[in-house]
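Using our numbering, the final residue of the sequence shown is 338, and nothing's skipped along the way.
Don't take every hint at face value.
The calculated lysine to any residue pairs, modelled on SDA-like cross-linking and capped at a C-alpha distance of 25 Å, are [claimed, not checked]:
no.	residue 1	residue 2
1	Lys-59	Arg-76
2	Lys-2	Lys-324
3	Lys-59	Asn-34
4	Lys-324	Leu-21
Derived from the structure by calculation, the hints contain no laboratory data.
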Amino acid sequence: MKILVTGAAGFIGSHTAKQLLARGDEVVGLDNLNEYYDPTLKRARLSRLQSEPNWRFRKLDLADRSGILELFKTERFDRVVHLGAQAGVRYSIENPMAYVESNLVGHTNLLEGCRHGEVEHLVYASTSSVYGANKKMPFSVHHNVDHPLSFYAATKKANELMAHTYSALYQLPTTGLRFFTVYGPWGRPDMALFKFTKAILEGQPIDVYNYGNHRRDFTYIDDIVEGVVRCLDKVATPNPEWDAENPDPGTSFAPYRLYNIGNQGPIELMRYIEVLEGCLGKTAEKRMLPMQPGDVPDTWADVEALVRDVGYRPATPVEEGIGKFVDWYMSYYRNGQG
């Protein structure tokens, strides 16, 4: 298939592109290489793909309406994996307009491109952050998610709603994937594992929010990518049992689906840090701080819909995943790439 992967220089996007190329798909990667974090890391991720014969890269902003529509018109993609977005809960408090441009305008441009380009299936990234003020655990796609706690989460919830309208109006099959705290090699520098590792190795204290009482459904990158690819291959279809008087938020009368991709086993943040300390052979100096605005104390994914529909359950233990991240981190910075 000919597949567009947006956010291809990003953490999840680059891994997904590599997996699709490995199985023989033709992949066009799109990214604007913005400076939300060090573009050097983004370019290094892209360099891993450059030798692939079925790979091409386009530097383009999702908010560039004419550019996006021209891309779809000339390339005629079979399917689209939309992973490009402005990420980060905390940054959305500081700079909400960046999220409007990328996550709202950009997502609309992608939907329009898919609609007019007659794309067979759009798979796009959502987030566990949409569960917001929900307390019922584990988080299920069948739960209502109308109480986001960050503007980032609100834009991602909006993405799900926007996708549904295109599925309903134009019969465009769409699948939204709510990712739960992704980590692993080539990860984002603004994420906890990356920041913790850098600080510990430099002998600096680490900031531990909510006084260490967080629990997170940490999900290893390979598990995320496997879920993405399997969902891409299973084109969303209407739910024949959907009931308008008792509507299920995770499915629809339209070709629309939502899935959680998480490890289905929340880990205490202090345990996560303990495993990292063991891998590094150093103990962290911890600066215990209150919970940050927009954050949620716990996440826990119910992935039964994913298991039922695509036959996959993420299961990489944090001991294995953190070990692989540390090996990559030490190699990447030792070799002078970063």
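Hints and how they fare:
{"no.": "1", "hint": "Lys-59 - Arg-76", "in the structure": "holds (18 Å)"}
{"no.": "2", "hint": "Lys-2 - Lys-324", "in the structure": "violated (31 Å)"}
{"no.": "3", "hint": "Lys-59 - Asn-34", "in the structure": "holds (10 Å)"}
{"no.": "4", "hint": "Lys-324 - Leu-21", "in the structure": "holds (22 Å)"}
The structure does not agree with numbered hint 2 stated previously, though it agrees with all others.
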